[in-house]
Amino acid sequence: DETADTDNSNANEGEDSSDFSVAMVTDIGGVDDKSFNQSAWEGISAWGEEHGLSKGNGFDYAQSNAPEDYVPNITRMVREGYSLIYGIGFELKEDIQNLANQNPDVYFGIVDDVVEGDNTVSITFKEHEGSFLVGVAAAMKTETNKLGFVGGIDSPLINKFEAGFIAGAKSINPDIEVDVQYAEHFGDASKGKMIANDMYNSGVDIIYHAAGGTGNGVFNEAKDLKNADPERAIWVIGVDRDQHDEGQIGEHNVTLTSMVKRVDVAVQDVAQLAMDGEFPGGEQLEFGLEENAISVATTNEEAMTEEIINEVKKWEESILNGDIEIPYTREALEEYLDSL
Amino acid sequence: MEYVIEMLNIRKEFPGIVANDNITVQLKKGEIHALLGENGAGKSTLMNVLFGLYQPEQGEIRVNGKPVKITNPNIANDLGIGMVHQHFMLVEPFTVTQNIILGSEPKTKFGTINLKKAEKEIQELSDRYGLKVDPTAKIRDISVGMQQRVEILKTLYRGAEVLIFDEPTAVLTPQEITELIEIMQSLVKEGKSIILITHKLKEIMEACDRCTVIRKGKGIGTVDVKETTVNELASLMVGRDVNFQVSKTPAEPKHEVLEVKDLYVKDSRKVDVVKGLDLKVRAGEIVGVAGIDGNGQTELIEAITGLTKSYRGNILLNKKDITNKTPREVTESGLGHIPQDRHKYGLVLDYTIGENIVLQTYYQKPYSKNTILNHDAIYKKAEELIAMYDVRTPSAFTPARALSGGNQQKAIIAREVERSPELLIAAQPTRGLDVGAIEFVHQKLVEERDKGKAILLVSFELDEILDVSDRIVVIYDGRIVADLDAKETNERELGLLMAGSGTDKAGVSK
Amino acid sequence: MIFNKKFAPLLIPVISVLLGLLVGGIIMLISGYNPIAGYQALWLGAFGDAFTIGETIRRTTPLILTGLAIAFAFRSGLFNIGAEGQVIVGWLASVWVGIGIEAPMIIHLPLAILAGMLAGALWGLVPGLLKATLGVHEVIVTIMMNYIALYVSNEIIRSVLTDHATKTEQIASSASLSAEWLQSLTMYSRVHYGILIAIFAAAIMWFLIERTTIGYELKSVGYNQFASRYAGMNVKKNIILSMVISGGFAGVAGAMEGLGTYGNIHLMSGFTNLGFDGIAVALLGSNHALGVVIAAFLFGSLKEGAGQMPTSAGVPIELVDIIIALIIFFVASSYIIRLAILRFKKEGK
Amino acid sequence: MIDLLQSIVPTILFFSAPLILTALGGVFSERSGVVNIGLEGLMVIGAFVGIVFSLTYQSTFGTLTPWIAIVVAAIIGGIFSIIHAVASVSFYANQVVSGVAINMLALGIGVYLTKQWYDKGQTDMVEGFFRTDIPVLSNIPVIGPIFFERVYATSYLAIILAFVAWFVLYKTTFGLRLRAVGEHPMAADTNGINVKKIRYIAVVLSGILGGLGGSVFALTIVSNFSQSTIVGQGFISLAAVIFGKWHPLGAMGAAIFFGFAQSLSIVGSSIPVIEDIPQVFLLIAPYVLTILALAGLIGRADAPKANGVPYIKGSR
Ligand SMILES: Nc1ncnc2c1ncn2[C@@H]1O[C@H](COP(=O)(O)OP(=O)(O)OP(=O)(O)O)[C@@H](O)[C@H]1O
Ligand SMILES: Nc1ncnc2c1ncn2[C@@H]1O[C@H](COP(=O)(O)OP(=O)(O)OP(=O)(O)O)[C@@H](O)[C@H]1O
Ligand SMILES: [Mg+2]
Ligand SMILES: [Mg+2]
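Protein chains in written order, with the working numbering: chain Z, 2 to 341; chain S, -18 to 491; chain H, 22 to 370; chain B, 2 to 317.
Chain Z on its own, in the form it takes in the complex (with noise of 0.2 Å):
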């Protein structure tokens, strides 16, 4: 394993500081997928604009539209010699790996996943406590009991998301039901409102999705919805960021709440550190609630109550005292429903 022989990782150290310049490649989407890319871009432009740079001069992105481009598009950012290079999202796990026991000379940081070696970062976020909050947020608001989750893809890091939803929605609840159902695509928006049609005739009044461009369509059918019948309550759940926007319909608006994941945040701080050589190599660094790298949003005031917020707030600080763990697997959730 070439990391072994690489711990003299830190060669950056005796750069001046105004050298320092951070580079992202994106997953694909972009830099504007109004999701974690843009989160992350965002992050770096605020730390760039803090040490007077601009993009392009000391930070920059590179945007990815399929699997293979990460590659290039790292190696790219290697070579036109940026200090620190983030991809983006669980799938540049490998890629970024790679790359960084290629190129022990440079930092490498990882977000939504786990890398090795001394000249990396690993930073990852406690979705399922998010999840969770939202998820004491749509028990306290359902008036039928029934809640929805709607998956991109069914896999570990959806599964986060589901398990903290129903661990949270259960907690308030026991009786609630989750309806749980995942479209295997990240961008069928048709889908996603096919399945929030079906839920939202059997009942269910709020569903969570964490499901990209396919939870479009979520919005989509709960806005109809709501179009018809103003009166009806019908909410959505946002992911990621503050997805208040997309729930506009006329007066109304149908998100709840959103579970914000402060990537910005998360990685700006990270940035900072590495300049201020504290590079923390060969870590893994989960953001959660704690790290202010999670969050409810609470932007629609009509529909979080003051009790909610309050409810929230509660179950927050337990986290946070660590008085209860948040499961984040489905056979944790198991275990963590079993013992309420």
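Just so you know, these hints were derived from the structure itself, not from any lab.
Treat the hints loosely; a few may be bogus.
[Stated by the list, open to error] Which chain B residues face chain Z? A few, computed with CB under 10 Å, are given here: (1) T12; (2) Q228; (3) Q234; (4) D277; (5) V281; (6) D303.
Ideal Cβ placement from N, Cα and C applies to all residues, glycine included.
Position chains S, H and B with the ligands relative to chain Z; hints supplied.
For chains S, H and B with the ligands alone, coordinates are given in the frame of chain Z:
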């Protein structure tokens, strides 16, 4: 004398070839005017010029004395010129009526097609000229002869005064030909004028008033049919004397090569068409199958060649049972087949002549070894055959599509004969060929016979059957109803037998 | 005429590429970019150094194979829109063997490639069979098979190959196509031995189609089924065979990704597009083996180079898609180009 | 049962509508003899234009916006399809090649312009169509709630257009000529029909309908435009054309069948018997069902005879 149509000094070139070189044709009102020439002489081209499908490079067209420019078929239609094409211009899934009105549809007051009105008009037209066409039938369900009448109706419906027929009789049975000639005569009586392209000199003598001859794109002249003979027409057209009588010695039949016993075959619509047929063909003889189209000839051939399955009876080739064997097995047992539809079955038009020459033998030595093709051997063979059979083609690498019909046919014959099969089935081998080419084909068949091969000739041309065969069997309603010596029968007797009268005549090997 | 025969097959694509680039340049100008900078970036992105060259070759590899797959089916009159699905199952199968078996390289690697080929072939067999026996249109069946491949292979990755993970473990090195020396030669690009396989496959396709009785039969059936039957060929067998071989090529394309580029297979949320791009490659290469190789290389270079355009020249990557589409158009419209050349020649004289 | 229908039918309707519209376009084009695998691209253009128009003019036209947007999308789709027409009718291009190019070009242009105009890869969301009750019809007992309550008007637009297309193809002179051109262009030509003109019209019609289909899809389902707005719907529409044997009502039936199969795979997961079937089987069910239907019921479908063959005057 008034001319309805005058084509003066027409010249039409195609890349690399002058199809029409300074040709003049003048059509009198009320006459049937024949256009005669070898395959590829330029007849169709000339008529396509008249019909507005091609623009001539030079020359003038006059209609009723007035010079006109016919730049598309619409103009020809407006000028009262209608054309019955060599390859029918009919839309198969459409009905007769839809085909006829296409392009000049009567409308209802709602703007939809007024089919009822059209059907009535067409029925009337059909009755008037004795065409007996069903306006509501689908094209794909009616016979070739009927389809041709639809083409005629198409022109009449558009009010054509001048009708062009491009080889109308090539695809017809003798009965249909007789009827067509009657139809043409009744058209002329109604004041129409007709240009008729045909390779059959007898038809010209029978039906036409005058005849213009074209040779290799050049006009040779126009003759009055009453003042000429078949032989004169033939030599004008080919540029040499043509031998109509197939010269052959009496047959010396030997052992039986083909034996068909009590065969039953259904057609594509699952109807019995071959119903207990018996037939024998011996080495060294040509057996002609006479019959009206649709009496089971096609299915008989398909069953023998393995293209379709029989459900009862046996077929023996050289004593070997080949019943319901695959075409490959049948071919390998020693059968050659000149198919009736050369474009559909005979050739892969996009393959070169060379590739077509080895269509059944490509997998054998020397054309391939261990599945690897030997192009040298293939093209050497092809060039050999091209020379031997006088196939007119720029090279063996030319796609078959680019050859004229006659030359395509020669290529097929070359291929089939060259494999030296014990039994050669020749279905309509001279359809659409000019007299020179026909002479050649007949000669080849006789040569093969003399080499001791068995030959089964299926043709709708009684002349051909009578001239070439040694023995003639008549097929009627899926059975052989007569077995005659070719020298001792005649057209009249065959005609009667083919029509189903005299089924009890002796000679049926039952 | 001579000029037509000898040079047209080359001249038309070259002119088309130039025209495509020209129009692409105009679009850049109109949108306020510097076309020279744009194309410079494109060039550098594709051939700037050993790394990009390596990546360009790597990207070309599966495209050659899917192009061959589609071209092969086309030559026998069939339209295989299903290369996409065949790639996926081929990828899956090769990785499966790559992970699941222990064997020395000389056995393992060929076995893994073969597995990919067979899986693709199987995926081609279904539409082939249905077409041959029931006359079902291959276009619909192959489209449907694409989706089935996508979902089934995702499920297999999730439930069979892994315990609910997003990607499989890496294949054993004995099944890997990648070579240390190739990678270090190209500054750690992912170029792998697959390119040799792809070129070898092209040679096979050429040989099969042009030089063997198998190809002779397949083409014949493609041109005229009736005459082929008349001549004793087994039409059904040939239709099935054609789809199977076509699927086999596409399956190997998948194996290239599985054994070469990635060394694993991941859950796919959409199609790889290798199959769809293969259609364009095949047609651009006028369904000839050599043409396909060249077209795939052109495609690979343009797509690889495109990545550099946003960074160096600010031009959106999609411009390259537009350029590729234009090139395809110009090739498709070769008739008019040929006409223009002829006129040009005439005036020149 | 009625409950099930009531939940399934509206789903089928909204899912199928864009497919029906696009497939009708395919029917026109292919019936005239021009293969159109560019339907996907035409939908992309439709979706792009529909969304961009809505974004730009939502404030101007209010609730009428989506209606105007789909009309504009149809027009632009029609104009865009002229490229395919020129290539395949005038330049005698290989129609499959040209269709492939249309698909790439449309996506390229759509995303390129999105980046140019909005400086990002995807647009904001718009308010598109909403479901409504169809007046009068929704009051019919039993049938009304199933078919006419809470449906998209565009679904019925699609169905009505399918009948209109049938009427045009089978009852009017234009339809007769169009079908003749697709079967036997030379026959049509000798009857004085302008083959190229008919084919141009047919291809442009496919552009109009494809644009309509794409914009309806975007405005009823997705609400924004990005690279992945149209992912395969055009190909499914193409399958519907063939599945429906090139007949407008057949294509509609096929599109509805796809909708039904999709809907079943989703609703199925809450039906007791089906519930236990592994998810993957439900996922692939629509596609397997289609293949089975083709193999078992539909069988051979013969394309219009001249489909895909450029018509070159004077050649055979
Ligand atoms: N569209 C075309 N392009 C090129 N050459 C053509 C075309 N049509 C006809 N020719 C050539 O013109 C010549 C005359 O053809 P034409 O069809 O007029 O012959 P024809 O007298 O009708 O023959 P046949 O008796 O076989 O019907 C032939 O040499 C033929 O190859
Ligand atoms: N595009 C073309 N290029 C070259 N030759 C052509 C072309 N189109 C037609 N021809 C030639 O025109 C001639 C006459 O065609 P025509 O339609 O009269 O058929 P034909 O030769 O009589 O064959 P058949 O009687 O079997 O139908 C043939 O020599 C044919 O090869
Ligand atoms: Mg002719
Ligand atoms: Mg002829």
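Structure versus earlier hints - violations, ascending order: Violated: hints 4 and 6.
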